[in-house]
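Undergrad: Got chain Y sorted already, so can you dock chain U onto it with the hints?
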Amino acid sequence: MPIIDSYTILGSWPQAEVDLSVEALAAGMQARGVSRCLVSHTTAVFYDTVLGNDLAVQLSRQYEPLLPAAVINPLRYPDCLAEIDRCLSGGIKVFRLCPREHAYPFSAQVGPLREVLRRLEPAALLLADLVGLPQPVIGAEIEDLLPGPTAVTVDAEQLGVAIWSAKQGQNLWIETSRLDSGGAVEAAVKHVGAARVIFGSGAPLRSLGSAVMSVQYAEMSEPDRAAIFEGNVLRVLA
Amino acid sequence: MPGVDIHAEVGKGAWVTADATRLQHAFQRARFDLMALASRRALAGDIGAGNAEVKALLDAFPQARGWVVVNPAYPDRSSEEMRRYLGSAKWLGAMLNPVLCGQSLMSADSREVLNAYRRYTKPILIHTADEPAVRELEETAKEFSTLKFIAGGGGGESWHSCLIAAKRTTNIFLEPFTGGAHRGKLEAILELLGAHRVLFASGYPNLNPGAALGMLLDAKINDADKQTILTTSSVRLFGLTRTVE
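As given, the protein sequences belong to chains Y and U, one line each in that order.
In terms of our numbering, the first sequence has 125 at position 125, counting the first letter as 1, and numbering is strictly consecutive.
In terms of our numbering, the second sequence has 109 at position 109, counting the first letter as 1, and numbering is strictly consecutive.
FYI, nobody ran anything at the bench for these hints, they're computed from the structure.
Just so it is clear, the structure is predicted and the values come from calculations on it, not from any experiment.
A portion of the hints provided could be inaccurate.
[What the hints assert, rightly or not] In silico lysine to aspartate or glutamate, EDC-like type, Cα no more than 20 Å apart, as pairs:
hint, chain 1, residue 1, chain 2, residue 2
1, U, Lys-12, Y, Asp-144
2, U, Lys-90, U, Glu-112
3, Y, Lys-93, Y, Glu-121
4, U, Lys-220, Y, Asp-19
5, U, Lys-220, U, Glu-187
6, U, Lys-220, Y, Glu-23
7, U, Lys-12, U, Asp-33
8, U, Lys-55, U, Asp-33
9, U, Lys-167, U, Glu-139
10, U, Lys-142, U, Glu-187
11, Y, Lys-167, Y, Glu-222
12, U, Lys-167, U, Glu-112
13, Y, Lys-167, Y, Asp-144
14, U, Lys-12, Y, Asp-224
15, U, Lys-55, U, Glu-80
16, Y, Lys-167, Y, Glu-141
17, U, Lys-12, Y, Glu-219
18, Y, Lys-93, Y, Glu-64
19, U, Lys-55, U, Asp-19
20, U, Lys-12, Y, Glu-186
21, U, Lys-220, Y, Glu-17
With the rest of the complex left out, here is chain Y (with noise of 0.2 Å):
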């Protein structure tokens, strides 16, 4: 079943000694039979999002099943608008926010994050990793805000809230890696619908194998499984 990884990223990891490397990330990929990835750059998360964002276009361009995931921090207002146009104009279609790194909730209240997702407007999916911020993960009002499909990473405990965000309306989709619980991903399916959820690993980071594995394990229909796996995010990219 081919699989598309919306969830990577390359880089160096500032808290721990892992290789990051497009090398590490494309053996994983050939084991698992991983065919694209949207990829994401550990300097545009921890220092600088125009670098970072370039790196991971460059790298993108040496490995072609790369697709890159341009990082924006709402918090960098108003360069943050300036990156996106920058990256829209470049063909970028893939965003990433990161409200843990940068420190910030994912709600309406954040006022540069309303802009932010009003600028979003034109990219084909938007990510966004909420898995360690506190609870409620996501604010009652920013479905009313997302701009189009945005898939939030969370873990078992914090699924709840993305499933009730997720009912009110259409543009807030779950992302699986961090669903490791059993019963997880059948529940985003059963509530959520299999078409608002889409397959992440983490990788290199976190196993590449663990998470496939996951999603296989997981009591879904084959087309449903093949729907987050690959069928989802090449609906939104094309």
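TA: The following block gives chain U in isolation, referenced to the frame of chain Y:
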């Protein structure tokens, strides 16, 4: 690849209730030979009713083994539970989760429970989630040098500290599968410690069994070491029958 799952739990999880039917389904799907169960109800405080739930499963399910959950907040009841169950080979040992008990492993009550446990000569599984827990486990393992300790979760994000602690303290075994799917973790553990002190656990229902199995299958270690982790280490540590190998 058959194997021994040294830690699954019976009871209500966040998104699935691991009752007898679901446990059996998970067990068969993963093709485990043995699955060792602890009670989530017991871990949540009701050790009497919770451990009895596990006893009922052990009676009904020949391939199940059990963990007696102990809680230092109830040292006398913990001793009773140990006396009630640990004479049987179907119980692998005791399990203690300091976080859920709200008790440090260094507390007087924890010491009392560990002292009472010495006579059973079975391993004890201690949930070891972070750096302070690793330090407490190492100190405790040194003090109770005749006991064998299993670091459940293998230190979580502090897995490297836990690995160093296990290297320094030969009566600590590692169960790293329920502490996060860090890539490269198993390879590092095997390089420093060897496969014979590493045990496999699914963590079901806190985790989907695929998460742990995928982590093991992905690791760049040879098949013999994978088999040791899945089976031989537990067979040796718990004195299981050779049929599970």
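Undergrad: Against this structure, judge whether each hint is valid.
TA: Now the hints, each set against the structure:
1. U:Lys-12 <-> Y:Asp-144: Roughly 34 Å between the alpha carbons, so the hint for Lys-12 (chain U) and Asp-144 (chain Y) is violated.
2. U:Lys-90 <-> U:Glu-112: Between Lys-90 (chain U) and Glu-112 (chain U) the Cα gap is close to 24 Å, so the pair fails against 20 Å, i.e. violated.
3. Y:Lys-93 <-> Y:Glu-121: Distance ~10 Å between Lys-93 (chain Y) and Glu-121 (chain Y) Cα, so the pair holds.
4. U:Lys-220 <-> Y:Asp-19: holds, 14 Å
5. U:Lys-220 <-> U:Glu-187: holds, 6 Å
6. U:Lys-220 <-> Y:Glu-23: Holds: Lys-220 (chain U) and Glu-23 (chain Y) sit about 15 Å apart, inside 20 Å.
7. U:Lys-12 <-> U:Asp-33: violated, 23 Å
8. U:Lys-55 <-> U:Asp-33: Distance of about 19 Å is within 20 Å: holds.
9. U:Lys-167 <-> U:Glu-139: holds, 13 Å
10. U:Lys-142 <-> U:Glu-187: violated, 26 Å
11. Y:Lys-167 <-> Y:Glu-222: At roughly 24 Å apart (the allowed maximum being 20 Å), Glu-222 (chain Y) and Lys-167 (chain Y) break the hint.
12. U:Lys-167 <-> U:Glu-112: Violated. Lys-167 (chain U) to Glu-112 (chain U) sits at ~26 Å, over the 20 Å cutoff.
13. Y:Lys-167 <-> Y:Asp-144: holds, 11 Å
14. U:Lys-12 <-> Y:Asp-224: violated, 26 Å
15. U:Lys-55 <-> U:Glu-80: holds, 15 Å
16. Y:Lys-167 <-> Y:Glu-141: Within the cut-off at roughly 12 Å; holds.
17. U:Lys-12 <-> Y:Glu-219: At roughly 18 Å apart (the allowed maximum being 20 Å), Glu-219 (chain Y) and Lys-12 (chain U) satisfy the hint.
18. Y:Lys-93 <-> Y:Glu-64: holds, 15 Å
19. U:Lys-55 <-> U:Asp-19: OK: Lys-55 (chain U) and Asp-19 (chain U) at ~13 Å, within 20 Å.
20. U:Lys-12 <-> Y:Glu-186: holds, 16 Å
21. U:Lys-220 <-> Y:Glu-17: holds, 17 Å
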